[in-house]
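Top to bottom, those sequences are chains A and B. For any residue, its number in this note's numbering is found by taking its place in the first sequence, counting from 1, and adding 118. For any residue, its number in this note's numbering is found by taking its place in the second sequence, counting from 1, and adding 1.
The set of hints was computed from the structure by calculation and includes no laboratory data. Be a bit skeptical, because a hint or two may be false.
Unchecked claim - One side of the interface only, derived from the structure: several residues of chain A facing chain B at Cβ under 7 Å:
| hint | residue |
| --- | --- |
| 1 | Asn134 |
| 2 | Val146 |
| 3 | Leu149 |
| 4 | Gln161 |
| 5 | Gln165 |
| 6 | Leu171 |
| 7 | Gln267 |
| 8 | Tyr269 |
| 9 | Phe271 |
Note that the Cβ used here is the ideal one computed from N, Cα and C, for glycine as well.
So you can see what is in the structure, the chains are spelled out below.
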Amino acid sequence: MNRHIAFKDTQREIHNFRLRLALSIGFVLLLLSILLARFVYLQVVQQNHYQTLAEKNRISIMPIAPSRGLIFDRNGVILAQNYSAYTLEITSSKVADLKTTIDELAKLIDIQPRDRKRFKRLLANNRKFESLPIRSRLTDGEVARFSVQRYRFPGVELKARLFREYPYHEQISHLLGYVGRINERDIAQLEKDEIDANYRGSDYIGRTGIEQSYERELHGKTGFQQVEVDADGREVRVLSRTPPVSGSNLILTIDAKLQEVAEQAFGNYRGALVAIDPSNGEVLAFVSKPGYDPNLFIEGIDQQSWDELNNSPDLPLNNRALRGQYPPGSTIKPFMALAGLHYNMRTPGYTISDPGYFTLPGSSRRYRDWKKAGHGNVDLFKSIVVSCDTYYYGLATELGIDSIHSFFSEFGFGKKTGIDMKGEVSGLMPSQEWKQKRHKKKWYVGDTVSVGVGQGYSLVTPLQLAYATATLANDGVAYRPHLLKEVQSSHTSEKQILGANIDFSLNLNSEHFALVKSAMVAVTQTGGTAAMAGAGASYAFAGKTGTAQVIGIKQGEEYIESKVQKRYRDHAWFMAFAPFDQPKIALAVLVENGGHGGSIAAPIARKVFDYFLLGKMAQPLLKMDEGEEGIEND
Amino acid sequence: MIRRRLYQSFVVHLDPVLLALLGLLLLISLAVIYSASGGNWSRVSAQMTSMLVACVALWIVANMPLHYLMRAAVPAYLLGMVLLIAVAFFGEITNGARRWLNVGVTTIQPSELMRIAVPLMMAWYFEKHEAMLTLKNYFVATLLLLLPVVLIARQPDLGTSIMIAASGFYVLFLAGISWRIMLTFLVIIMASMPLAWSMLHDYQRLRIMMLLDPAQDPLGRGYHTIQAIIAVGSGGMFGKGYLNGTQTHLEFLPERTTDFIFAVYSEEFGLLGNLILLSLYLLVIARGFVITANASTYFTRLMAGSITLTFFTYVFVNIGMVSGILPVVGVPLPLISHGGTSMVILLIGFGMLMSIHTHKKLVQT
């Protein structure tokens, strides 16, 4: 019985299978005939059409580059703009003899040896069927002369193009960055990101700063048109056109005027300043001195200007605010004080007697205070006001490097702030682990002593210190620093406003903050290390001076500023926020080889505050006697 | 005498008809690659090397008795699944897709193994439950198919996952899945389209959108298709002649030696050449169907049918995509495109067909 059914099933199954196989064959034949029909359509019916497209290549698809988004400051002052001008472009693959052609062109149009050199470099970096500029910004006369003679120059074209321009030149350069011509390396990257299609027809791409970080927003969407071209590849007629979409305009958080005030306040000094609105993380000023003229880079910089910039001992191409790493010096003390209070190592009333130096138990090595005679009896408040080193040598050893490391890491030291600009560095907050890994050495207590006054291994960037200052001013609530305030779509009037982002929020005692902040106010008043900068201010502001050593001072040797070469003088720091009770602006200033924080860096901060809070330039400062100000080092 | 017997035992499991057809296609492959690469001998010799390796693989598989093949089904499938899951977690990312697995000495692409392992596993499963096939069996077989297909589609590798889905579907179809179930599946697939759409990567969506209108993005994704169609169309009746394709040699065509190689062939040999190529493919497929129809067991029928139909699907999808009636999904033209792995996998498939054909003969005689 079973057998019978199985047999019957097999028969039916084979029958079924044959049926399905026959259906499959039908399916194959049907699809193959579709392919065949398609071939006949393409290769017989439409053959002429495709023949034309392929062989004569008469119709070509031309990309239309979108115009790049503009960049404004927070008050609508324009920082990067476009202007339209004629350029003369050569497609080298279409030119028989390049040199003769350029020589002939030079009779009509002013072509300098510099232009030839630049063109040669462009030629080396690009494919030979690309159209490259030999001269830009032609005068009306030159345009007219060439137009009349253009039949003589196949492969040479006059094109109206948009150019980028940075009206502020050196100022704001590190912030804005610049665009440069797209080269083969960029193309490889764009292909990897699968966005190369959108760059057909584009000549420029953001290289550094905002121009690089917000390339996607600024660039826009490439349009295209189908054009009929003649045998020389010139457009005869436009058949269809899809317009490009311009890039979005960016409104930055920067106040251009404030930036200008800050840059001028530096005078001839090198350094950096970052000012942040503590209530939302908006960066108000972002200075790195000296700057460079970004306009030089747009068309490819010429050799001479490049050498000048690249070989200058002042390193004008370094973005010090973002990438400069310096020992924080005494600016670390308010944070150390907070750590001492937080870990119950210090009470506000605890007092030490400062003999002018500190020794570790069982060691004779003296860690000197910047004031030789010492500060006498010092409590936490006074330790900040007079910047007493001895107090912090002791505190640091008692806290230990592990506690210091974890407290400062939570405050954001030793890591990137996450600002919306590429290339940020992380600074360094040393730990036992780090030293073992980096230097293959164990951590010594002496290392901790140095860290306590911001020397030794620790490094911060001006941006990081400004961020920490803003967080301190805000009682531990940290808003991530950012440079972009608003994105405005250029074709719809759509606006995208970027809000404040809380990065982290520290759970510390508010009384501790109040104590440290009041001590920082005293720093800017009579008896404090920045008294000179605070004199005559109509608002109270909190600050802390600092000095970053450039060269080490040997045991028993003394640092005498006048005897040290200028390049080896200490860097001056000042961190501050104002007004004290309702902080609207927090900043960090670094002046390279500026000597001491109080006399060089603090007055710059004062000028920035005066302009920002009072809307005026700072009063000429009173000349103060020496002695009020100290040199801090261990 | 001994020499003759040696020779005979060497070729006894090979199918002369298939072998001749495959040989012709491989010769065409070398000629077209030479032209497409602009006379690059290293490309041609690389392809010859992979052909040699693939032929050895074909010979080995053809000489394996059927129960060997069946025994390999479960381990191969399980190994493939483990590797696919490993790829999902530890795979290396190249060009935005996670397809490769680094196993120390070399990197491997497990989805290639699955091209064979999935139909093998399904055919094995049906053979095992042949006596009494119920709805449940079809359901389990479908699950066996869907798991690897989803994993591969997520890598993302749309081309491979479609091809594996097709090969598995052919097994189901030939195993006699009822029309009603197929209709239900179809409805479910249609209904889940929106969900699938939301799971696709942007570039995959772009490719599908482009099928509807390649002119939409003529500078980017549509560029490949447009240039390929121009190449095919301008070939005309008799083609522009070997080594004379302007689209090819002026570098308008992308991926000339791999996925778009058919455009090169078609431009140079025209409609006539296309007819010849399609005829060769049709003969290979016809031979496959003959072997399928004569296969002696349930397992071998399913396997042979699936291999043949999958081969046809490769041909149709690739040529369809190059001539602009299907979206660009990254499927090579079988036996012609440059690429070692796909060559080896294809010839292993033909090795199986030969094994199915010749071992049955031995059993009978």
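The hints, checked one at a time:
1. Asn134: This interface hint holds because 5 Å falls under the 7 Å limit.
2. Val146: With Cβ-Cβ at 5 Å, under 7 Å, it holds.
3. Leu149: Since chain B brings a Cβ to about 5 Å from Leu149 (chain A), closer than 7 Å, the hint holds.
4. Gln161: At 4 Å from the nearest chain B Cβ, Gln161 (chain A) passes the 7 Å test, so the hint holds.
5. Gln165: 5 Å, holds
6. Leu171: This hint holds: Leu171 (chain A) lies near chain B, its Cβ roughly 5 Å from the closest one there, short of 7 Å.
7. Gln267: Where the cut-off is 7 Å and the nearest Cβ of chain B is about 31 Å from Gln267 (chain A), the hint is violated.
8. Tyr269: 26 Å, violated
9. Phe271: 24 Å, violated
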